[in-house]
Every structure is written in structure tokens, then in C-alpha cells.
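**Student:** As you go down the protein sequences, you meet chains A and B in turn.
Per the UniProt record's numbering, the very first residue in the first sequence carries number 1; after that it's consecutive.
Per the UniProt record's numbering, the very first residue in the second sequence carries number 1; after that it's consecutive.
Just so you know, these hints were derived from the structure itself, not from any lab.
Because the structure is a prediction, the values reported are computed rather than measured.
Relax, there's no trap hidden among the hints.
Simulated crosslink set (DSS-like; lysine-lysine; CA at most 27 Å straight-line): (1) A:K124 x B:K249; (2) A:K127 x B:K325; (3) B:K123 x A:K87; (4) A:K84 x B:K249; (5) A:K88 x B:K229; (6) B:K253 x A:K124; (7) B:K249 x A:K127; (8) B:K229 x A:K279; (9) B:K249 x A:K88; (10) A:K84 x B:K123; (11) B:K253 x A:K127; (12) B:K229 x A:K84.
A few chain A residues facing chain B, derived, Cβ under 10 Å: (13) K87; (14) N92; (15) I94; (16) M96; (17) M102; (18) S104; (19) E117; (20) I121; (21) P154.
Over 10 Å on every C-beta distance to chain B, these chain A residues come out as not near it, computed from the model: (22) I22; (23) K34; (24) P63; (25) G75; (26) K136; (27) R242; (28) Q254; (29) S259; (30) S272.
By construction, the Cβ of each residue, glycine as well, lies at the ideal position given by its N, Cα and C atoms.
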Amino acid sequence: MSEIVLELKELHTHFFTDNGEIPAANGVSIKVHKGEVVGIVGESGSGKSVTSLSIMQLIPSPPGRIVSGEINFKGENLVRSSEKRMKKLRGNEISMIFQEPMTSLNPLFTIGNQLIEAIRIHQKITKKESRQKAIKMLKLVGIPRADAIVDEYPHQLSGGMRQRVMIAMAMSCDPELLIADEPTTALDVTIQAQILDLMRNLNKKENTAILLITHDLGVVAEICDRVVVMYAGQVVEQGTTREILKNPQHPYSQGLIKSLPKIHEREQKLYSIPGIVPKPKTGGIGCNFAPRCEFAFERCFHEAPELYSLEDNRKSRCFLHDNNEGEVKKHAKSDIES
Amino acid sequence: MVSYIIRRLLMMVPVLIGMTLITFSIVHLIPGNPAQVILGETANQTAIENLEESMGLNEPYLNQYGLYVKDLLQGDLGTSLRSNAEISAEIWPYIAATFELTIFAMLFAVFIGVNAGIISAWKQNSWFDFLAMLFALIGVSIPVFWLALMEQWIFAQELGWFPAYGRQDNRDPMAPITYFYVLDSLIHLDFSRTGTILKHLVLPSIALGTIPMAIIARMTRSSMLEVMKSDYIRTVRAKGSGQFLIIYKHALKNAMIPVLTVIGLQAGVLLGGAILTETIFSWPGIGRYVFEAINYRDYPVIQSGILVVAFIFVIINLVVDILYKIIDPRINY
Ligand SMILES: Nc1ncnc2c1ncn2[C@@H]1O[C@H](COP(=O)(O)OP(=O)(O)O)[C@@H](O)[C@H]1O
Ligand code: SF4
Ligand SMILES: [Mg+2]
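The following block holds chain B by itself, in its conformation from the complex:
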């Protein structure tokens, strides 16, 4: 297992190099002089030269890239042009916000999706199966922004069940520790606050998690139906075992292998969808951080944001691969 993880980590190296190449290129792919573009049409020559100097834009590309990677390895993401602050010092709260939302959206998608898929397969062609698959079909085709706005309208404005914006009640903010607010409120032993924070998570998690949930539900169903036809399931039946053991032990574990692949891929879709959801729900996450940076042409922040999102995606897929190995003893590479 340990050697598997080490090999898997080594396989990440080329991916990480590719990622840095792409984010590095962003600044240089802008047509025209990057400093000019960043500062705008009206900037004067000295300001442009100063910026070129501070960003090292006059060096040869290879040197610039070398410097960029060296800084990254030391945890230096550069300086925000807008706030003049070290990006590494200000980016963490945004990362935590996005990560927390992604985790909850994923939990929602996996829990509902997998269970709906199991029951649909178990009671194939029943009314539950029919309804669940109808919802799944609607779920994959629904535009996220529309779903988000509908949620806000119905569950926040009309019914008032859940708040429509933000991560917490801003009139009474909490002293953050890890910036994972659910965790922080638990550390503070402030459980009523945990409730409030969870309530804030509900609508954006559903908006973000619906498409993955629908895809996972359909994948689980078809995978379960396939597995239920297999010889080893017939063997388990011939042993005299009940339906529950057959489905939740033998079939589910096998059916989860392809579902896991989908979960890994959907995590990427989820992170990509975060910009939209975070904007609609005023969620102070990495998506919004980058989105605002784009308005200010704050390239170092854009670069860092993309790098961080890509890194989270790589980490999630590392976890997925480790789960594969835990589930399937035949995997051996």
C-alpha cells in the first residue's frame, strides 16, 4: 500500500509540472505587453517599466519559469496587484471556503446519488426507479444558475428556511481558526453556530451537487444492474444469503468501482462550477477570488487561483486512486 501511494505520488509530478507550465503561460499568452495590459491603456511608461521589473518580465522565459517554480516550491505565490499583499497570506480563507462547499456538495451528491441508484436497481422498473431516473434526467440537464436562483427564490425568499447568501451570519462573525467554518465552530464548541453554518451550506451544496448527484445515481444503477447478473452474485444466492447482504456487501462494493471513477471526474466539474455558484450565493471562495481578480486584471492572483483549483482536483483524484486500491485487491501498478 505504501509503495503504491509513493508510486502514485511520483506519477503526480509530471501533472504538476504541466499545471505550472499552463499557469505560467497565462501571463505570456496575453497579446501585447503584459505589463501594459495589466495596468491598462492609460498607464504611463515608468509604471509599466516598474511592473516589468518587479514581475521579472524582462528576463528570458526559461529564467522566469525557473524563478516561478522556485517561488512556488517555497510557498510563494507572488503578490496581488490589487491589495499588494502576499497571495499566499490571503488565499487560504478562500481555499477553505471552496473546499468546504465542495466537500458538502460531494457528500450530498454521493450519499443521495449512490442510495438512489441502489434502490432503483434493487426495485428495477418500480415507481421509485421511474421517478428517481426521471429526476436524474432532469438533474443532469438543469442549468446550475437557474437551479441556484430557483432555490434562493423558493427556499430563502418565499419559505425562509435557509439563508440565500454567505457562509455565516455576518452580523455576528466567528473568530476563524482553520477557516473551515463547520470545523471551527465545533472547535469553539459553539454548536448553535454550527447549525447556522450548516444552514448556509444547504442551498449552494444542492446547487453545486445536483448534476454530479444525477450522474452518480445513473452510474450506480447501471453498474448495480450489471453486477447483479454476475456469477458471484448467483453464488451468494446459492449460499442462502438474504437480499440485503447480496446488495450492500457483494454487489455494492463491485458496483462502486466504476462509480468511483465518475466521482473523481465530477469533483473536477464541481470545482469548475464553483465560480458560478459562489457568485450567486456570495460565497467567499476561490472562484470569487479569481473572478474579482479578472476584473482587476490581477494576473498573479488569477494564476494562483487556477493553480490551487487544479491542485485540489489532483488531490481528490489521488484520494480516489487510493480508494480504488483499498476496494480492489487486483489493482497492482
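So that you can see chain A by itself, here it is in the shape it has in the complex:
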């Protein structure tokens, strides 16, 4: 693989609330290579947004704080970087777009104003040049009538168009890494596909690495090279998109894939994993997934599993991969395959 752009090592981002300490990111390790598209999937509340905001150093503080771990961006540990340094990186080398295109743009300034601002924070060019660049960026993300739209206000555009503007803004300084937190969740299906297409094209054309956050495995299947599955603040499985979709190892990933709607089979009812995502908490014992896991056995309730390395660079946080659990494993395996 090519060089690593981003590497999270054992990231712990905790929130200190009146109800105690919440380990929203509880030892997250993720690698993103140059030009790669990596997906983070998991049900809502599993710590995906907290992980991505931690990379940007934009965790609302208080109540949140990065407690420990490293965020290495091109060899520089961002956890140790000054705010001044972060301002240079944000929007320039690392950009981010968000779930809510309807509210992510300031309603009181024109599209052009906000795009030009993004450009001029990082590049010393004249107003006129940056306006030209803004129009060029709008065209790049497939916005028709870019010369007119540049002078319009956000409320004059649809959700899909606004998300394109957000992408144009994020791409305007040629970032090394684009973090997209549920960029298509608020959009309807056809628009979703267009936005994903656009991101894939930009990834190919500009060789920008993308960290795509979503709760939708369908989105992952569209554009991701690799997938990280998160559950209750932890990575529970990772591997290439193909392998994970075809042959998920962790019981949670298996549940996620089972609950995907299938085009060919006309199933009456969609499968859904029983139970709800638990709030991440400190001091819990056992596997976080145990209360919902159909393979859970004695040990799962007393001990927390580590992230086991499997063949082909895959990882899975489940005792079923522990060689000492041979019996159980065989039993479970046959269950999955049947």
C-alpha cells in the first residue's frame, strides 16, 4: 500500500457530563492511506462523529476532551498540535463536510462569499482571482449556472446543491484528506447516488483520501475501498469492503449485513439486530455487544475481547477468533454458514 496519510492510535475522546464520563471514542485505531476511501460504519451513537471531530480537533470542550492516543496526520501528531497550527491544516490539508447541508451554510452570506472565504483563509490571492476560483470549484462539483449561483444565498438552493457547495468548499484548497460525516444521510436516494459519484470522481481525479462516515452499508458498498465497523466507541471489525460485505467476521457486522435490503430476494421483513446501541460507558465489563449477540457465551460477560488480527490484514474484536475457544468457534461458524 502507498504511504499513510492518517493514522489514529488508541484514540480516547471522552465526554465529562453530569452523568459521568462517557468514552465516546474508546481506543480507536484507524489507518487511511493516500488516495484511499475508508468507510466508518456503525449505528448512530457508536462514536463516528466524535472520532471525526477529534481528527479536526473540533470536539466541543467542555464537555469533551481527547484523553489519550495519537492522531498522526502525515507524521504529525495533531493531539499535540497548537490551535494555530490546526487552523492552518483545517480546510487546507484536512477538510470536512457534514450531515446537514440545509444548516451547514451561513444563511446570511452568499455562496460566493463563503467559498471565497474558504479559499482566502489559506491562499494569498486577490478577491477577483478567488472569485474565479470559486466559480471553477462550483463547476467542478457539477453545479449548473455556476456564474449565477455564486451570488445566490443558501436558501435558494436545494439540499443536494448545498451539499455540492459544501464539497466545493472542502475541496477548494486541494486537501490531502476529506472527512465526510454522513454526507448523504439527509438527501433522497437519487441525489445520494449523485453525491457519492461526485466524491468518487474527486477521489480519483484529485487523489484525495476520503474518510467516509455513514450508518448505511449500502453507501460503503458504493465507494469505499476499506471499512471500519464501530460499535459503542470501539472498532469491532475492519477489512476491505469486498471481504467484509462477503464474509463478515464479527457478529455485529454480520447483523449489519443481514439487515441490508436485498435487491434480488423479495423478503417480507427486513432483519434488524435486536436491542439498542448501549451508551458507551467506562468501567463496564465484558464484550460491549454481548447483550445483543446471538453467539455470546459465558466468557463474553466477564472479559472484554481484544481486536484479533486475522488473515488478509483483517481484524475483529470477538472471542470467536481466539484459538483457545476452538469448540465455541466451530459451533458459531457452523451457525453463520447455515
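Model the placement of chain B with the ligands on the given structure of chain A, informed by the hints.
**Tutor:** Below, chain B with the ligands without anything else, positioned relative to chain A:
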């Protein structure tokens, strides 16, 4: 924009009609015969009849109202019973005095209030925030007359920093042009006089502006805190922009929308409070003009004074609405 202003002006018409109905009714709501009340118990019958004749009090109400509005449209506010002069000829200096004081009180309230609110929100829970909000709390609950008297005692009598009464040094009056004294002194290029006039404005402006200032400060703070949590502020942060741009460009403009509403409403409170402040500071404004008219039962002056104050309020709110439109491109009615 032009069509917006025209529509907004048309919307003022019913308000103006309502205002004239109220001021017109004042004379007729007095129990008993208005002419009798105006002239007093001891007036003789001929004087009463003469007054009824000159004020047209014998006509049917509708005719009287029609006449009243017709006169108003021609700029005729009636005749003062006390001075026998045309009100329209003598009222302007009073209007200018009140307007000038209101503007300065408002500038004081907005400038201090908005900035204190911004810094409080920026440094939430700091000692500045704590002190500013404590002052704001005191500010909204302080009685204006008490504040005015304290100011006069401390800053005029004890320290002698500012004059306690009037608009200018009366031993050396200026030839007025617009009756906005600050403006007039500038037109005369008499800058030392400008200084004196500004000094006269300080204490009454503070007395009048303190309550609006406190309300504006609290409103700005809560509005800023709300806006700072919004998604578009997160977007600006993600662009790599600094705190100053975030606060003074993106947050402030959004936070000003609700603050503007408060400013418009407070302008009314300010005009209402003018009578008290003008009396304490011997400020020759519309408040005092009306107040003295009440003592003389000079009803035409009372009517005109109220009408003028209400009109100023309507104008201020027109300006506020135009500012809304300038700030917020989504407004479209
Ligand atoms: N501002 C906050 N204050 C307290 N807790 C928070 C805050 N933001 C996130 N959390 C906690 O972090 C958990 C994960 O949140 P998040 O990363 O937004 O999940 P998602 O995977 O849906 O993006 C939440 O369940 C919540 O308990
Ligand atoms: S460790 Fe146990 S409870 Fe956890 S996922 Fe594996 S089998 Fe299920
Ligand atoms: Mg989220």
C-alpha cells in the same frame, strides 16, 4: 428592496389611522364638556361657547375627525391654548431635542449592550461574563429617576464632570438651525461648543439608555451563545478560520436578528421614559412640552405631542424592518 419599502410604508397606513383615532379621542373621552374642562370650573359661558366654536366641538364626531385628519395632512397640528401659537410652528425644537437625546441614548445602549453581550458570550462563564451579567441584571431593575438623581449627585454635583441640566450653556446660547444641537454646532464649525453639547448629553443619555442597554446585552449574549452552537459556525471552524472572523462576521450577523427586534421595542420604552428623564434633566424635549401642557389642560398640544412620539416610534420600527431586510436575504414579504 424598493418594493419592500413601499409595501412596508403601505402597512404603516392603518397604524397611522389608529394613532390619529386615539389622539382624536383624547379630547372626547374626558368626562363632561371638553371646553368646560379645558377652561376650568370658573370659566364663563361665552368663553366656553367661543372655545367650542373655535375647536369645532359642536360638529358631529365624524366631521370633527375628518377635519382633524385633513388639518394633519396639511401639517396643521392646531393652536396651543396656552401660547395661542400654531403648534406646528413651535413644536419642532422640542421634537429635535427628544430625538437627539433618544439617538444618543440608543447609541449608548446598542454600542455597550452589543459589545458586552458579545464578549460575555465569547468568554462564557469568565469573570467578565459574570460581572457584565450582574450589571445587566441591576440595569434592568434600576428605577430611572433614581439613576438620574444619583448621576446628578455624583457626576455633576460632587465630581463636576458633566452638567446636570439643559442642552447647552444657557449663558452663551447658540443660533439654532436644525435644533439638533450637535449637528448645528458642527454646521457652525464651532467645535468647542460641540464638546459642551456632548457633555450635556452624557448624563441624560445614560439615564435613559441603561435599561435598554441591559436588555440588549442579555439578548445579545443569549443569541450569540445559541448561534455559536449552530452547524454553519462548525463549518466556518472546519474551514480553518480564526475566532475573530467566526464571532464578528458569521455569529454576530445572525445573532443581531433577534437583537434588532429588541432594539425596535426598546426605542418605544425609551420614548416613553423621556418625560421622566427630560423633567429631571430640564431637557426641553417633547416630554416636557406635553408635561407642561397637561398642567395647563392644553389639549391640542397634548394630542400633538402624543402623535409625534407615536410617529417617531413608527419611524424607528420602519428603520428596524429595513435593517432586517438588509441583514437577512430570506425575508420576503
Ligand atoms: N456534546 C456531547 N456531550 C456529551 N456526550 C456526547 C456529546 N457528543 C457526543 N456524545 C456522546 O458520544 C456518543 C457518540 O456520539 P457520535 O459520535 O455523535 O455518534 P455517531 O456514531 O452517531 O456519529 C453519544 O452517544 C454521546 O453519548
Ligand atoms: S465476544 Fe462474545 S459477545 Fe462479543 S461479539 Fe464475540 S461472541 Fe458476541
Ligand atoms: Mg454522527
